[in-house]
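S.K.: Residues per chain are reported as follows:
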Amino acid sequence: DVKVTQSSRYLVKRTGEKVFLECVQDMDHENMFWYRQDPGLGLRLIYFSYDVKMKEKGDIPEGYSVSREKKERFSLILESASTNQTSMYLCASSPFFFRGYEQYFGPGTRLTVT
Amino acid sequence: AQKVTQAQTEISVVEKEDVTLDCVYETRDTTYYLFWYKQPPSGELVFLIRRNSFDEQNEISGRYSWNFQKSTSSFNFTITASQVVDSAVYFCALSEAGTGNQFYFGTGTSLTVIP
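Protein sequences, first through last, are from chains X and B.
Under the numbering used here, the final residue of the first sequence carries the number 118; numbering is consecutive throughout.
Under the numbering used here, the final residue of the second sequence carries the number 197; numbering is consecutive throughout.
Incorrect hints may have been included.
[To be verified] So, partial list: chain X residues that the calculated Cβ filter (under 7 Å) puts toward chain B:
#1 GLY46
#2 GLY104
#3 GLU106
#4 PRO111
#5 GLY112
#6 THR116
Keep in mind the hints are simulated off the structure, nothing from the lab.
Glycine included, each C-beta is placed from N, C-alpha and C at the ideal position.
Hey, can you work out the whole structure from these sequences and the hints?
M.R.: Below, the structure is given as structure tokens:
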């Protein structure tokens, strides 16, 4: 069974704080993804990575950065959190060499920035 | 432009009714993949089904069935004899061979099954 875990289910941070969201997968997947989910907007891709130290911008990368130092771990960083980054953040992974393979999701982190 | 459209934002049905969730997609690729995910109140997205563009066969899995029609660019999902446990947000997604493993998600349909 694929398992994707995220470091926190709920997080409350103050405006201006640096925030780290961690994601770990145990299936040796090459691809990892960070999405944010907002009501009425569905899931929007922030960043993805298809290999260690590789990253690609998604649809809404502004205000975020990522780090992938190890294959199993993909971190999302909010350099200076703002209230408009209050959202649900979802991490996912999938194998690189299988086109059209489903993505496996973690439980999500609900971040509130006050 | 939205690649995946789920026009139904919220649906409510009474238990045991059948319900169909609509999904319309847009792509120029000839090779693509379509997915449905379920997001229960706990929050984690659960994979339900994958279909590739060369396989238009409908699929049935228990009370769930999927109707893929390339002619109308639709991939609809029907739940037969709905149950309270089916209450969730359902997402349709598209992956194109030309853009690798990136997914395009619809905005989701929130289904409430009333006992």
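S.K.: Does the structure break any of the earlier hints, and which numbers would those be?
M.R.: 6
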